[in-house]
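With the hints as extra help, turn the sequences into a complete structure.
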Amino acid sequence: MADSPAHSSAAPSADFPFDAVLFDCDGVLVDSEPITNRVLTEMLGELGWQLSVEETMRIFVGKAVRDEAPLIEARTGVAITSDWLMQFRERRNLALDRELVAIPGAERAVRALHAALNGRIAVASGADRIKVELQLVKAGMLDCFAGRIFSGHETPRSKPFPDVYLAAAAALGVDPARCAVIEDTVTGATAGVAAGATVFGYCPQELSHSNATALHGAGAVHVFRDMDELPGLLAGWAQTNQQPR
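In my numbering, the protein residues as written are 11 to 255.
In short, the hints are calculated from the structure, not lab data.
Cβ coordinates follow ideal geometry from the N, Cα and C atoms, glycine included.
All the pointers check out, no bait thrown in.
Quick list of simulated restraints, FRET-style, between CB atoms: (1) G246 <-> V88: 47 to 53 Å; (2) E164 <-> G246: 30 to 36 Å; (3) A105 <-> P80: 23 to 29 Å; (4) D77 <-> E56: 17 to 23 Å; (5) A105 <-> A187: 36 to 42 Å; (6) R121 <-> G87: 44 to 50 Å; (7) P114 <-> E64: 17 to 23 Å; (8) A245 <-> P166: 30 to 36 Å.
Structure representation (structure tokens):
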């Protein structure tokens, strides 16, 4: 699921209300969803399922394409094989390598929280490990997460089940209830809540596949729009005194 965690044995700052922060990757750290879903739209069109990129995002964002194979097969009549999935990943990765950029403010937020928590941060993604690592390299954040990258492809169940978040918390040696999870989709927020974590929704704009109302409905305690807000938001959070908003 991940390399051996390379975190400090020192405890987080005494006044910090969480023992660890667990980040989703796509849409939280990197602006990958439009790129990935453009490639997926093209490949679904080749199978005969004609969608716009917006429609593809509404259907697939937050989900592993391999888990949606039955849906694709039902709509196209074409069997989704391991070779097709490999071709999708290859075409997707080429596009990401050419075009990917980080979410504005994400690197600053990650480095601030890495320092505040003595390294107790992790990525817990539904994507495959190769994609996650490629993206973190492109975004200049791989050093902050070395040894603390967790993929839903390597757990028994992917999001919306909590497995990948539970694996990350266990590897960091922290209680999931003492973790903050940062998510941008209902699927991911559902997974974080199921793990027992406190979920914060990142929603820079209201989109068909992700909006503040939907994130609150999935259990996010707070929705924020600017990644530069995150370190201060988490540092000042008191679970017993805050109401969802």
